[in-house]
Amino acid sequence: MANFALGLGVGTKSSAGEWLEVYYNAPLLNADDALIAAVADKVGYAGGNQTIELNASQLKALEAAFLSVDAEDQAEVVEILEGTQQPLVLCILETDAAPQTTAEVYLKLSLLSHRLVKPHGIDLSGMFPLLPNVAWTSEGAVALEDLPRRQLSARAQGRVLDVLSVDKFPKMANYAVPAGIRIGDASRIRLGAHVGEGTTVMHEGFINFNAGTMGVSMVEGRISAGVVVGNGSDIGGGASTMGTLSGGNNVVISVGENCLLGANAGLGLPLGDRCTIEAGLYVTGGSKVTLLDDQNNEVGVVKAGELAGKPDLLFRRNSQNGRIEVKTNQSAIELNAELHKHN
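Per my numbering, the sequence shown starts with residue 884, numbered consecutively.
Hints listed in this document are in silico derivations from the structure and should not be mistaken for laboratory results. Heads up, a few of these hints could be off.
Taking lysine-lysine and the DSSO-like style, the derived pairs with C-alpha atoms no more than 30 Å apart in a straight line are [as the list claims (entries may be wrong)]: (1) K1186 / K1171; (2) K896 / K1001; (3) K896 / K1054; (4) K1001 / K1054; (5) K1193 / K1001; (6) K943 / K925; (7) K1210 / K1051.
DEER-style ranges, computed between Cβ atoms [to be verified]: (8) R998 / G900: 31 to 41 Å; (9) G1098 / V1185: 24 to 34 Å; (10) L1035 / N1057: 20 to 30 Å.
Ideal placement from N, C-alpha and C gives every residue a C-beta, glycine not left out.
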């Protein structure tokens, strides 16, 4: 029995019984046939992509099923969850099809943040209507229609229900903290971000969902939805990468390996390896750039998009005439190893 992903989750529902969020402690990618068969027998799974809400007896049966195929990590999750009053769900995805439930979306976002899949590696189409807008509070997820009553109840008990954000996405660190990373402000990394081992995200750094770093990187700027940053690259303070969620832009922006986006720089095209965009310069695909040879002589003018993916380029602004120039990059960025090796 083929399987794409499986997750045993515990979550939160609104007072109306609608799922708000699901936490998967140990999602599985490509679970083996024996595990799926053992689980299917206990919960009545007959194939396809299913979201199965569990009761206490089914949860106990799952523990035995996991142990029967030596899935001890999953059995440990069940053991911890036994006796909980929180709603439980088993999400089994036979194929990587577009998600149909909130639980499926959360499983796929969790696969990204657990580094089990890479950005653009799974089907997230149609996910936004399945993600409710939620008040993320000091007491977890609260439905917006339930929020006034919950706030009043807290005040009546001498407490303040602290609303941290109102959003479709929670912060990643409440769902997954992959090994070997540092995060200055966890609220700035959304669930569904892929944060590579060795990455440091400073306090003003931001990483959206289905985006992130592939290895060691310094992130002090913005990695927008869908943007992938290669190993060894530095996103400088205030730097920005153009996303693909609005404005009709269907070009996937990316940063190659060992690149530098200088402070307050901007990127609107796929950047090849060992490229630099100087501080304060925003380069889009339509920007007209002057090509320079190694003697700084002009050899032509092209749209920056024609240079997409090409390595070893330095983009700079001529301080005298204001034109954007590009020439071969003679000094590729090299990150300070001391900043990352002890993550």
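Going through the hints against the structure:
| no. | hint | in the structure |
| --- | --- | --- |
| 1 | K1186 / K1171 | holds (5 Å) |
| 2 | K896 / K1001 | holds (29 Å) |
| 3 | K896 / K1054 | holds (18 Å) |
| 4 | K1001 / K1054 | holds (18 Å) |
| 5 | K1193 / K1001 | holds (22 Å) |
| 6 | K943 / K925 | holds (10 Å) |
| 7 | K1210 / K1051 | violated (42 Å) |
| 8 | R998 / G900: 31 to 41 Å | holds (33 Å) |
| 9 | G1098 / V1185: 24 to 34 Å | holds (31 Å) |
| 10 | L1035 / N1057: 20 to 30 Å | holds (25 Å) |
The structure does not agree with numbered hint 7 stated previously, though it agrees with all others.
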